Amino acid sequence: MSHSTPALTEADRLMTVCNSCRYCEGLCAVFPAMELKRSFSDGDLNHLANLCHNCGACYHDCQFTPPHEFAVNVPGTLAQVRTESYAHYAWPKAARPLFARHGTALAIGMTLITALFILGFVALNEPGALLTAHLDDTRFYAMMPHEAMIALFGAAFLWMLLAVFMGARAFWRDAGTPQVGATDHAQATRDAAQLRYLDGGGMGCFNEDEQPTDRRRLWHHFTFYGFLLCFAATSLATVYHYVFGWHAPYAWHSGPALLGIAGGIGLVIGPIGLLSAKRSRMQELGASGFRGMEVGFILRLRVTGGSGLALRVLGETPLLGPLLALHLGAVLTFFLSMPYGKFVHGLYRYLALSRHARDMRRHHGSI
Amino acid sequence: MAAWDVLVAGGGNAALCAAIAARRAGCSVLVLEKAPKFYRGGNTRHTRNMRCAHDAATGTLTGPYTGDEFMQDLLRVTSGNTDEALSRMMIDKSYEMLDWIQQQGVRFQPSLGGTLSLGRTNSFFLGGGRSMLNALYRTAEGLGVEIRYESELTDVEIEGASFRTATVQSPSGETRIEARTLVAASGGFQADIDWLKQGWGERAENFLIRGTPYNKGSLTRALIDKGVRQIGDATQCHAVAIDARAPKFDGGIITRLDCVVFGIVVNKRAERFYDEGEDIWPKRYAIWGRLVADQPDQIAWILFDAPNLEKFMPSLYPPVEAGSIAELADKLSLDPAQLCETVETFNASVVGGRPFNHVEPDGNRTEGLEIDKTNWAQRIETPPFYAYPVRPGITFTYLGVRVDDRARMVMQDGRPAENMFAAGEIMAGNVLGQGYAAGIGMTIGAVFGRLAGEGAAAHVA
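Taken in sequence, the protein lines are chains A and B.
So in numbering that gives the first Met the number 0, spot 74 of the first sequence is number 73, and the numbers just go up one at a time.
So in numbering that gives the first Met the number 0, spot 78 of the second sequence is number 77, and the numbers just go up one at a time.
Simulated crosslink set (BS3-like; lysine-lysine; CA at most 27 Å straight-line):
| no. | chain 1 | residue 1 | chain 2 | residue 2 |
| --- | --- | --- | --- | --- |
| 1 | A | 277 | B | 36 |
| 2 | B | 330 | B | 247 |
| 3 | B | 330 | B | 310 |
| 4 | A | 36 | B | 310 |
These stretches of chain A come out as covered by chain B in the derived footprint (C-beta under 8 Å, 3 or more residues):
| no. | region |
| --- | --- |
| 5 | 5-18 |
| 6 | 199-210 |
What the hints contain is simulated information worked out from the structure, not anything from laboratory work.
The structure presented is a predicted model; accordingly, all values stated were derived computationally and were not measured.
Yeah, the Cβ is synthetic: ideal placement off N, Cα and C, and Gly gets one too.
Using the sequences and the hints, build the whole thing.
So this is what it looks like as structure tokens:
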């Protein structure tokens, strides 16, 4: 079968090699999924690539990795295919180049947006309000009314949802559209929540060498659950605001604040671990050409979480205004860039896991 | 005073089991592996399972496989050509090997897709042989075993029945290493084509070697030259029919072809030469290498038609495809008239009539041919037609050194060596006079490796 990119062509070659070996069958979901087919479309390969968690076990277990002439490198090749798949399915098409230049786009966007917030705070309020908001009863709403925040962030959020949905739909359709049931989603949710396949088949993952000593699963849990806690904090605050009429700012021991603090800590610790693991990682195992996207995503999470925490700690000082601009800038950049960066990996992997759960249920009765 | 308690030659399953056992018993252990690090472990890196006796199903084995049944299987595949007492001892010790090897970090999984027939008898390594090997290396290094790569043990100094020193070639030159005991676990000599020729003649030029190019048997030769008793002859080996397009060395598992039962096999004269329906894979898997070795130019082709294409495990290279038998003959450089006649005669002789079942002998046979196909005979009639070229693929040789039931080498005069042990392929001929049963090479390696390591430690103590 002919393929649209060199990475997909190489992935197809490797799947033929792996399908005639199958020694790695017990390591993760990719190889059992591969065994269901003898030829692979671009969509099939993108599905397999998003199923791969890049634990690295098959690279060290394979008897045919370089320098062997068969040159089998499944995690590295699938990482390339996976990363390119994010761009391939992105909506609108005009935004696809953003993936390869993600780091630059992110830096420019974040600076611009934060600057605009500062300008807006200054232009729409009394001069000097930027540094005196901490004295106002309404705190940050003194600089930007609640309704304005809702309107701006609501619009950005809806755009993000639409763009992410369109991309995910294209990804899903490309490998066929099977009937995925509730049990499959339950299975996929469990697998994603535990990062079941980020453990080298039970031995642990590999990062800098052939020792299974990698901690990425832990760092990812900090990051992911930190993110979820922050999301929960915002959601709870929305309920407080609209249902109970309790308005921000909230005391540090309130529900939204506690969730936000815990989440913020996760979003600071997790990304530090992930970044450090990425730095020491064997180059062979990763994709090339997308470092800005990978690092940018992690850094952005950190800036978002970090600025939120700083806002909480320094909210009673003249820094409130600038920090608010930074935090809102970070969050808005985050929303706007979500469909065009590493964020989609979570969604695509979830979709791949649910498709896999369904395929395994259908072919083997269980997973 | 010797520098090392135990010197282990080789770096595969047998060598590492010996090294770990000896180190756990308190010895200082040096492992010399001839290959560079990536290719360490010889054939172990290409293995996938190990055959051990067990009285009950386990989490990964589907049912019991008793020592008696194991012994029956061994007697059958070797046609009784085995040292029965030694084999019985090995099988008895294979019971506890399942636990012991897992204690060394090796992990098992249920049998792989496409290998259901081995799910009861053979324990499959999670991640395959290289994963298994990596686990043994991690354990050995963690215990303090020293490992040197690109170090070949080329000669030994033996006094009477006692090992003194070894000559070692490495990138830094030739050195002599003293040790109180020697464990020879350096594999077969299948990569030494000249040695193979001593048994096979010029035919060996056309053999493909399924493992690394490092297994040349220099230590085997040195030991025999210095007074250790030889076992086996140069023709005995594990040989299967593999894809003729495979690289000369190290093509491993992915070049094997499991499709003989689905069609016919013809030689260079476009004629059939053996009953393709004699028995199911894997029991007869290992005879086709020798059969092809006896054909002109040591090449043959497996022919089948469209409905069979996806009935067997896929392999690395695509089959040759053609719309007619004559066109297929053309592509294979065979005589079209002869190939058409072979296929037509075969088709006309198919009795068939029963449901086709490739899992067990199904009684669908031909009648009236000089060489009948006694099971799974079906007409080759639906285009496109396919062919895989095959050549003998040598896994490992059986000629080696004689050992006793404590894995000690036996000298020419019949005395056991004082401080020399052997394990794995270098002594596999003690168990396998001929034939093969899947996974038994790893059993030989692990059981005799552990015995050798423990024996060496006992000698040192």
